[in-house]
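Colleague: Build the full structure now, drawing on both the sequences and the hints.
Chains as they are written, first to last, in the working numbering: chain V, 84 to 391; chain B, 38 to 285.
Please keep in mind that the hints were generated in silico from the structure rather than gathered at the bench.
Glycine is no exception: its CB is placed at the ideal position from the N, C-alpha and C atoms.
Take these hints with a grain of salt, some might be off.
What the hints assert, rightly or not - Derived DSBU-like pairs (lysine-lysine); straight-line CA-CA distance at most 30 Å:
| no. | chain 1 | residue 1 | chain 2 | residue 2 |
| --- | --- | --- | --- | --- |
| 1 | V | Lys235 | B | Lys57 |
| 2 | B | Lys253 | V | Lys202 |
| 3 | B | Lys253 | B | Lys57 |
To be verified - Here are some of the chain V residues that sit facing chain B, going by a computed Cβ distance under 8 Å:
| no. | residue |
| --- | --- |
| 4 | Leu186 |
| 5 | Ala215 |
| 6 | Asp221 |
| 7 | Leu302 |
| 8 | Asp314 |
| 9 | Pro319 |
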Amino acid sequence: MTALVLAELSDGAVAPATLSAVTAATQLGGPVHVLVAGAQGAADEAAKIAGVEKVLHAGDAAYADMLAENVAPLVAGLMDGYDAFLAPATTTGKNVAPRVAALLDVMQVSDILSVEGPKSFTRPIYAGNAIATVESSDAKLVITVRTTAFDKAGAEGGMASVEAVSGPGDAGISTFVGLEAVKSDRPELTSAGTIVSGGRALKDGETFQQLITPLADKLGAAIGASRAAVDAGYVPNDYQVGQTGKIVAPELYVAIGISGAIQHLAGMKDSKVIVAINKDPDAPIFQVADLGLVADLFEAVPELTSKL
Amino acid sequence: MKILVPVKRVIDYNVKPRVKADGSGVDLANVKMSMNPFDEIAVEEAIRLKEAGAAEEVIAVSIGPAKAQETLRTALAMGADRAILVETDAEVEPLAVAKILKAIAEAEEPGIVMLGKQAIDDDSNQTGQMLAALMGRPQGTFASKVEIDGDHVSVTREVDGGLETVKLALPAIVTTDLRLNEPRYASLPNIMKAKKKPLDTKTPDDFGVDVTPRLKTTHVGEPPVRQAGEIVPDVDTLVAKLKAMGVA
Ligand SMILES: Cc1cc2nc3c(=O)[nH]c(=O)nc-3n(C[C@@H](O)[C@H](O)[C@H](O)COP(=O)(O)OP(=O)(O)OC[C@H]3O[C@@H](n4cnc5c(N)ncnc54)[C@H](O)[C@@H]3O)c2cc1C
Ligand SMILES: Cc1cc2nc3c(=O)[nH]c(=O)nc-3n(C[C@H](O)[C@H](O)[C@H](O)COP(=O)(O)OP(=O)(O)OC[C@H]3O[C@@H](n4cnc5c(N)ncnc54)[C@H](O)[C@@H]3O)c2cc1C
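Modeller: As C-alpha cells, then:
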C-alpha cells in the first residue's frame with residue numbers, strides 16, 4: 084500500500100499540518116510519497132521529512148493557489164500508482180480531498196483520529212460527541228487527517244528524491260482573486276503550545292485587545308475566540324475555535340468568558356491543560372476545565388496577567 | 038437563474054447526542070430534529086438572491102426519510118418556491134447524495150447549487166465538493182460572501198489563513214459558512230402558505246443511483262471523557278498551580 088500525502092503550504096513553506104498527515108500515512112504501513120503543488124523550495128523542504136520516500140513536485144502555476152478545480156484532477160491523475168490519498172483536514176485539505184474522492188468514485192473518510200487497520204479508522208461525528216469506527220470498502224482510500232490526533236513526523240532526517248509531475252493544468256473555470264490574511268507575529272493557532280481564547284463576555288473588540296492580548300503576550304500564546312466573539316466582530320474569523328472553526332490541542336488552553344457550548348468544546352477539549360475563567364459557577368466549561376476560577380474576568384484577567 | 042438548495046434533516050443543534058449502549062450509533066428516537074443549520078443559511082442566501090433579482094426560482098431538495106418533508110416545508114416557509122424529496126430510509130453517504138443531486142441538477146439546470154459546508158451529524162464536509170467534481174463545475178466552499186456578477190460568481194471563503202476570494206464561472210457550487218447571513222424565521226402566514234407549495238417525491242432509483250454504502254460503521258462509541266478538575270479560590274492559587282504544572 085503506497086500512500087500519497089498532499090502537502091499543506093503556508094507562505095510557500097511546508098506547514099506543520101503536513102507532518103501530522105505524513106504520520107497517519109506511515110501508519111497505513113507502506114511507502115509514503117508527498118505531493119507539493121507550489122515552489123521548488125517547498126518540494127526540497129518536503130524531501131527532508133522523516134519517513135518520506137519520494138516527493139512529487141507540481142510546479143505549474145495553475146496549482147500555486149491550490150484551486151480545487153485544478154489540483155483535484157492533478158491528484159486523481161497520479162492515483163493510478165497509489166492506494167491511498169491523504170490530506171490534512173485544513174480548509175485546503177477539506178476543499179480538495181472530496182473533489183479527488185468523487186473523481187475516483189470513492190467515499191472519503193473525513194477527519195480521522197486513528198488508524199485501526201488497513202482500511203479501518205476512527206472519526207468524530209456529532210461535533211465529537213461520538214466516535215465512529217468506519218471501514219472502507221473502496222479500492223482506494225481518500226482520507227483527511229485531524230492533525231491534532233497524530234504526532235508530527237520529523238521535519239528533518241529524510242532524504243527523499245524529488246520528481247517533477249504535471250497534470251491537466253488550468254481547468255479554466257475558477258480564478259484566485261486574493262487572500263485577506265491577518266498578519267500577526269503570534270504563533271499560529273493550530274500549532275501553538277498555549278492559547279488564550281476570549282468569548283462574548285469580552286464586550287467589544289477594544290476590550291478584547293486590552294484584556295486578552297497582554298495575557299497572551301505574557302504566556303507567549305496564540306489568541307483564539309468563541310463563535311460569539313467572532314460573530315460580534317471582536318476578532319477575525321480565523322480566530323474561531325470549535326466544530327466549525329479550528330481544532331486545537333495545545334499544552335495550555337485558557338478560556339475566558341466562554342460558556343463552553345458543545346460546538347466550542349468540540350474544538351478544544353483535547354487540550355492538555357484547560358483553564359477557565361467565568362463568573363457563572365454552572366458554566367459547562369468548568370466540566371472540562373482542569374483549573375476553574377469563578378470570577379469577574381474584568382478583575383481576574385488583569386490580575387492574572389500581572390502575577391504571571 | 039434557478040438555485041438548487043439541498044437541505045438535510047439532522048439532530049437539532051441544541052440537543053446533546055447520546056451514544057447507544059450497544060455501540061450501533063447515536064440514539065435519535067424521540068430526539069428533536071431540525072434543518073441542518075448550514076442549510077438554513079443556504080436557503081436564506083438563495084432567497085436573498087431571489088429577492089435581489091439575481092435568481093427566479095429557489096428549489097429545495099432533501100434526500101432522506103418521509104419525515105424530511107418537514108425540513109422541506111421549513112425551506113418552503115422561509116421562501117423556497119418548490120421542493121423535491123428523494124425518499125429513502127437508507128443511510129445515504131455524501132458520494133451517493135452528490136450523485137442524486139447531480140441528476141437533479143442536470144434536469145433543473147440551476148445556476149447555483151447552494152449547500153451547507155457540513156452537516157452537523159456526520160460532519161463529513163464533502164457533499165458540495167463531490168457534486169462539483171461530478172459535474173465538472175467550480176466550487177466556492179465555506180462561503181462568507183456571495184456576489185453574482187454576470188456569468189460569474191465571486192465567493193469569499195473562510196479559510197485557515199483568513200478570507201480568500203475566488204471568481205467562479207457559472208453554473209457553480211457554493212457551500213455556506215456560518216457568517217454568510219442570519220437566516221430568517223418563517224412567519225405563521227408563510228408556514229401556512231408553504232403547505233400549498235409543490236413538493237415532488239422521488240426515489241434514488243428514479244435517478245438510477247446506487248446508494249449502497251462504501252463505508253461501514255462498525256462501532257460508535259463515547260469520546261474519552263474529561264474529568265472536571267478543581268475550582269481554585271483566587272488568582273494567586275491559579276498562578277501557583279499553573280507554575281507547578283509547568284505550563285506557565
Ligand atoms: C445513526 C447514524 C448512523 C449512520 N451510519 C452511517 C454509516 O454507516 N455510513 C455512512 O456513510 N453514513 C452513516 N450515517 C450518516 C450518513 O447518512 C450521512 O448523513 C451522509 O453520509 C451525509 O454526510 P454529511 O451529511 O455529513 O455530509 P456533508 O458533506 O457534511 O453535508 C454537506 C451538505 O450536503 C447537503 N446534504 C448532505 N446530505 C443531504 C441529504 N441527505 N439531503 C439533502 N442534502 C444533503 C446539505 O446541504 C449539507 O449541508 C449515519 C448517520 C446516522 C445519524
Ligand atoms: C452549527 C453551529 C456551529 C457552531 N460552531 C461553533 C464553533 O465552531 N465555535 C464556537 O465557539 N461556537 C460555535 N457555535 C456557537 C455555540 O453554540 C455558542 O453559541 C458559542 O460558543 C457561545 O460563545 P461564548 O461562550 O463566547 O458566549 P456565551 O455562551 O454567551 O458565554 C459567555 C460566557 O461569559 C460569561 N461571562 C459573562 N460576563 C462575564 C464576566 N464579567 N466575567 C466572567 N465571565 C463572564 C458568562 O457566564 C457565559 O458563560 C456553533 C453553533 C452552531 C449552531
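Colleague: Closer than 8 Å between Cβ atoms is the bar; does V:Pro319 clear it against chain B? Give me holds or violated.
Modeller: Holds: closest Cβ of chain B sits about 7 Å from V:Pro319, inside 8 Å.
Colleague: Holds or violated: B:Lys253 and V:Lys202, Cα atoms, limit 30 Å.
Modeller: holds (10 Å)
Colleague: Taking the closest Cβ pair, is V:Leu186 under 8 Å from chain B?
Modeller: V:Leu186 check passes; min Cβ-Cβ to chain B is 5 Å, inside 8 Å.
Colleague: Can you confirm whether the C-alpha distance between V:Lys235 and B:Lys57 stays at or below 30 Å?
Modeller: violated (34 Å)
Colleague: Should the interface hint for V:Asp314 be scored as holding, given a Cβ-Cβ cut-off of 8 Å against chain B?
Modeller: holds (7 Å)
Colleague: When you check the alpha-carbon spacing of B:Lys253 and B:Lys57, does it fall within 30 Å?
Modeller: holds (17 Å)
Colleague: Checking hints one by one. Is V:Asp221 an interface residue toward chain B, by the C-beta closer than 8 Å rule?
Modeller: holds (5 Å)
Colleague: Return the status of the interface hint for V:Ala215: holds when the least beta-carbon distance to chain B is below 8 Å, violated otherwise.
Modeller: Because about 5 Å separates V:Ala215 from the closest Cβ in chain B, which is inside the 8 Å limit, the hint holds.
Colleague: Going by Cβ atoms only, is V:Leu302 closer than 8 Å to chain B?
Modeller: holds (6 Å)
In this structure, only the earlier hint numbered 1 is contradicted, and the remaining ones agree with it.
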